[in-house]
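S.K.: Read off the chains here:
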Amino acid sequence: MLSRRIIPCLDVRDGRVVKGVRFRDHIDVGDVVELARRYRDAGADELVFYDIGASPEGRSVSIDWVERIGRELDIPFCVAGGVRDVATARAVLQAGADKISINTPALERPALIDELSAAFGVQCVVVGIDSTREPDGEWRVRSHSGDPAAMRSPGRSTLAWMHEVQDRGAGEIVLNCIGSDGSCDGYDLAQLSAARALCRVPLVASGGAGRVEHFIDAFRHADVDAALAASVFHSGAIAIPDLKRDLNQAGIPVRLV
Amino acid sequence: MIALIDAGGANLGSVRNALERLGASVRIVRDAGELRDASATIVPGVGAAGPAMRLLRERGFTTVLRAMDRPMLGICLGMQLLFEASEEQDTECLGLLPGVVRPLPPSAGIRVPHIGWNELDVRCADPILAGVAPGARAYFVHGYAAPVTDACIATATHGTSFAAVVRRGSIWGTQFHPERSAAVGASILRNFLARANANREAA
Numbered sequence: 001m002l003s004r005r006i007i008p009c010l011d012v013r014d015g016r017v018v019k020g021v022r023f024r025d026h027i028d029v030g031d032v033v034e035l036a037r038r039y040r041d042a043g044a045d046e047l048v049f050y051d052i053g054a055s056p057e058g059r060s061v062s063i064d065w066v067e068r069i070g071r072e073l074d075i076p077f078c079v080a081g082g083v084r085d086v087a088t089a090r091a092v093l094q095a096g097a098d099k100i101s102i103n104t105p106a107l108e109r110p111a112l113i114d115e116l117s118a119a120f121g122v123q124c125v126v127v128g129i130d131s132t133r134e135p136d137g138e139w140r141v142r143s144h145s146g147d148p149a150a151m152r153s154p155g156r157s158t159l160a161w162m163h164e165v166q167d168r169g170a171g172e173i174v175l176n177c178i179g180s181d182g183s184c185d186g187y188d189l190a191q192l193s194a195a196r197a198l199c200r201v202p203l204v205a206s207g208g209a210g211r212v213e214h215f216i217d218a219f220r221h222a223d224v225d226a227a228l229a230a231s232v233f234h235s236g237a238i239a240i241p242d243l244k245r246d247l248n249q250a251g252i253p254v255r256l257v
Numbered sequence: 001m002i003a004l005i006d007a008g009g010a011n012l013g014s015v016r017n018a019l020e021r022l023g024a025s026v027r028i029v030r031d032a033g034e035l036r037d038a039s040a041t042i043v044p045g046v047g048a049a050g051p052a053m054r055l056l057r058e059r060g061f062t063t064v065l066r067a068m069d070r071p072m073l074g075i076c077l078g079m080q081l082l083f084e085a086s087e088e089q090d091t092e093c094l095g096l097l098p099g100v101v102r103p104l105p106p107s108a109g110i111r112v113p114h115i116g117w118n119e120l121d122v123r124c125a126d127p128i129l130a131g132v133a134p135g136a137r138a139y140f141v142h143g144y145a146a147p148v149t150d151a152c153i154a155t156a157t158h159g160t161s162f163a164a165v166v167r168r169g170s171i172w173g174t175q176f177h178p179e180r181s182a183a184v185g186a187s188i189l190r191n192f193l194a195r196a197n198a199n200r201e202a203a
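Residue numbers (the working numbering), protein chains in the order written: chain Y, 1 to 257; chain V, 1 to 203.
Calculated from the structure, these hints are not laboratory results. By construction, the Cβ of each residue, glycine as well, lies at the ideal position given by its N, Cα and C atoms. Errors might be hidden in some of the hints.
What the hints assert, rightly or not - So the derived label-pair ranges between C-beta atoms look like this:
#1 A130/V x E138/Y: 49 to 59 Å
#2 D121/V x R90/Y: 29 to 39 Å
#3 G50/V x H221/Y: 33 to 43 Å
#4 T63/V x A197/Y: 20 to 30 Å
#5 E138/Y x A108/V: 26 to 36 Å
Stated by the list, open to error - Computed far set for chain Y versus chain V, every beta-carbon distance over 12 Å:
#6 S3
#7 R40
#8 R71
#9 E72
#10 D74
#11 G96
#12 A97
#13 A119
#14 G121
#15 S183
#16 C184
#17 A194
#18 D225
#19 A250
#20 L256
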C-alpha cells in the first residue's frame, strides 16, 4: 500500500535555509545541505526547496545549491521558485531535482504547464497554488506570494484553476492555504476537501500544521496524499520520527525508518 | 566502469550521484560504441517511452542492448523499455522481456501518476534484493506499469499489482527509483554493482 508522505519545506535564499511566518520576517536556520541530510535521517519522505528570492526578484533559481543537494540526497526533492521556462526546468532537473514546482509563472502563462509536462512527463511537474477565502466566500489564488509586498490577486477561482492545471499536465498539486499558513491552527480542511473532490492527481496539503493531530486530520478528513510543513519541523515542535509513529498508530500508512 | 546511458532522462544526474556515493566509477554514454569497456550498463529514465526509444535508436543503442551479455539495469522508464512495447505513444521497445507496458488505471482513491513510497512484495529471492527487508518501501513515480510475468521478482500494488523488480538472466529492472529510495535503494544498487564486479572478474 502506498504510504502517505511527510514533506518538510525549506525556504532557501542564497543557499541558506530561512523561515518566515505568513511569508514574512525571514530568519536564517542553516545550510541547505546540512538541513536536507538531517531531515532525510529523521525520515522525511521528500523535501521541497523553495527559492524564495527567485520569483519576486524576477530571476531564475540558482543551480549550484541544487547540485549540492543532488550529490548528497537519496530521497526525492522538488525545487520551487523561479522556473518559468523549459530550459530552466531542464537545468534544475539535470542538477539532480526530481520535480519542479511552478506557481506564479503558471498563472502568468498557463501554457508553461503543457510545455513542461510534454518535455519531462507529468510526474516532474508540480503546480503550487496559493489560495485564500475572499470575503464573498470564494477561494481565489494569489501570485507572487514569496514577497508579501509583491503579492497579487489575479482573480482566478482556486478550484477552476486546479481543474485547468490538471488538464494541462500537472502531475501533482500543492495547495497552500494562505489563511492558515504559519498559524499552527491546523490545515484548512474545508478547502483541502473541496480540492480533493476534483483532484485526480496527488494532492499535497500545505499551511497551518501545528500539532500531530493536524496531520492526522488532513490525511483522514481531506484524504490528501502528502502533508507539507515548515515551521513545526524547523522549530523542533514536531519531530518526524514521533509524527510517523503517531500516524502509524492512527492507522495511516507511513514509511517508518 | 559503469555505463549510464543518456536516453534523455531527467534522473541521469541522480543515478550517477547515487552510484558514486557507493564508490562506482561511472561514465555517461551517448554513443553505443562507448559501451564496449563497460562492466555493466544502466538505462535510467524519466520521461516518455516514445522520445526515449527514438533517442536510443538514433544513437545506435537498440541493437547493442538487445545483444548485451553483461549485467544491465533499467530504472523506471528504463525498465519499461526492456519490454516488448509500451502503450505510451504506442512505442515498440527493446523486447528483452515479454509483455506490454500499459497505463495504470485510476480508480476511487487511486491517484495516477503513482507517486510515493510503496511496499515491495518480493516473489522470489534474488541477489539484487539481498538485504531488502519484508515490507521495505521504495520510491515510485510513474503513470505506466509493466505486467506481472515470470520475469517479475517483486511486485507493488497501487489499485492493481504490477512489476516492481524484474529479472531475466543478467538483465534487471526496477520500476521505482533506487537512487531516491534511501537505504533500500542503496542496497539494491550495491547488489547490482556486486554483480557487475563479479562479472568483470569472471571475464
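S.K.: List, from low to high, the hint numbers that the structure doesn't satisfy.
M.R.: Hints 4, 6, 7, 8, 9, 10, 11, 12, 13, 14, 18 and 20 are the ones this structure does not satisfy, whereas the remaining hints hold.
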